[in-house]
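S.K.: Here's the letter readout for the chains.
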Amino acid sequence: SAVISQKPSRDICQRGTSLTIQCQVDSQVTMMFWYRQQPGQSLTLIATANQGSEATYESGFVIDKFPISRPNLTFSTLTVSNMSPEDSSIYLCSVETGGWETQYFGPGTRLLVL
Amino acid sequence: QKEVEQNSGPLSVPEGAIASLNCTYSDRGSQSFFWYRQYSGKSPELIMFIYSNGDKEDGRFTAQLNKASQYVSLLIRDSQPSDSATYLCAVRNTGTASKLTFGTGTRLQVTL
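Residue numbers (the working numbering), protein chains in the order written: chain A, 112 to 225; chain B, 440 to 551.
One chain only, chain B, in its complex shape (with noise of 0.2 Å):
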């Protein structure tokens, strides 16, 4: 079974400060990673994709991912409560082409 894990949170940071959302998954060769976020209600919607080893930056979010450690994180700079939402990992594993796994996700609180 290939996983993906997401602590779920819910993870309050104040507005303004830096939220840090963090994902391990279980297969090595994995090539490519997601996140996705989702409000209450609505579908996923994607914000971010990475495929090498180091940081991918986009407005207030960064990526972060690190193939040795199996690891892939969100960073969100200036926190604002609109990004109060389920921010979700996905990882595209080996040899399943084009198929995604999905975390459990982790609900974020940015708190005035």
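Bound conformation, chain A alone (with noise of 0.2 Å):
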């Protein structure tokens, strides 16, 4: 498995703004992906997220409103622009790695939009 972070842990912001979400892993991995988790529901698929290529984005999720960088091996963030309180949810980065093509959850961003 991997040692994966998240920050920040959570949030409560205003409509209308923006908030970046930054994922490190203690190990280089290729694949990393974002999902939302909306109260009492299950994970959605927002991007996946490959180093050195633009991320790609699910049915329903557009680069405009969620732009992904992936810098480098370890890093990636999520940014949640103008956002409304739709948007509030908790939004979990996974990296996969190991020989099964497991995936493994960050601790989570619960993010509040008033």
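It is possible that part of the hints are untrue.
Stated by the list, open to error - SDA-like mimics (lysine to any residue), calculated; alpha carbons at most 20 Å apart, straight line:
(1) A/Lys118 <-> A/Ser200
(2) A/Lys176 <-> A/Leu223
(3) B/Lys481 <-> A/Leu222
(4) B/Lys481 <-> A/Ile123
(5) A/Lys176 <-> A/Glu165
(6) B/Lys495 <-> B/Ile457
(7) B/Lys538 <-> A/Thr213
(8) A/Lys118 <-> A/Leu184
(9) B/Lys538 <-> A/Ser180
(10) B/Lys538 <-> A/Tyr168
(11) B/Lys538 <-> A/Trp211
(12) B/Lys481 <-> A/Gln149
(13) A/Lys118 <-> A/Ser192
(14) A/Lys118 <-> A/Pro218
(15) B/Lys538 <-> A/Leu184
(16) A/Lys176 <-> A/Gln149
(17) B/Lys538 <-> A/Arg147
(18) A/Lys118 <-> A/Ser138
(19) B/Lys495 <-> B/Ser512
(20) B/Lys538 <-> A/Arg181
(21) B/Lys506 <-> B/Ser469
(22) A/Lys118 <-> A/Asp137
(23) B/Lys506 <-> B/Asp494
(24) B/Lys538 <-> A/Gly209
(25) B/Lys481 <-> A/Pro119
(26) B/Lys481 <-> A/Ile201
(27) B/Lys481 <-> A/Arg147
(28) B/Lys481 <-> A/Asp198
(29) B/Lys538 <-> B/Glu444
(30) B/Lys481 <-> B/Thr543
(31) B/Lys481 <-> A/Ser120
(32) B/Lys495 <-> B/Asp522
(33) B/Lys495 <-> A/Gly209
(34) B/Lys481 <-> A/Thr213
(35) A/Lys118 <-> B/Glu484
(36) B/Lys538 <-> A/Thr155
(37) A/Lys176 <-> A/Gly127
Unchecked claim - Which residues of chain B face chain A? A partial, calculated answer using Cβ under 8 Å:
(38) Leu485
(39) Lys538
(40) Phe541
Treat the hints as calculated values from the structure; they're not laboratory data. A virtual CB, placed ideally from N, CA and C, is assigned to each residue, including glycine.
Both chains come to you apart, so use the hints to assemble them.
M.R.: Rendered as structure tokens:
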């Protein structure tokens, strides 16, 4: 497995502002993922972030709203732009590591938009 | 739409009993299957994965896969109150290179 950290762990933001979430892993990984988990819901993949290429977004998620950076093999950021209360959620990064292509999750960022 | 279905529960079992959690999936070509445990307010934790038909055991946990029936299950033997959590089934679909589709999770309650 891998040790994954996220910053911030939680935040309360005003609508119309943006928040950048950082994900740091203790080893080099090729595949990193960003998920959203809304209250009482399961996980929804936002995008896949590979180092050296543009992030691949899932249906319903766009780069203008959720820009992602992946500057190296241990770090990624997700920005939630022009936030509305509907963006209140837990945002999770995950990495794929190990010989069995298993995914491990960071601790998550709990976002509340007022 | 490739789907993963789970009964949301709660599934209530007494301490020491076997808890059986079930998951069905729609993509017949799916290759790999994962069970995550998520405690309230925490992130998902990988507990089991299985690729081949049959059973895979790890301590008190057994994952069972039946690709013909498109069915994967997780058995927890000697259930403990600390097993009380939501269990998420995830499936890696064909042709989607590493993407996982998650079920909605089953909430397990182990009672004293």
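S.K.: For a quick check of understanding: which of the numbered hints are violated here, in increasing order?
M.R.: Those not satisfied: there are none.
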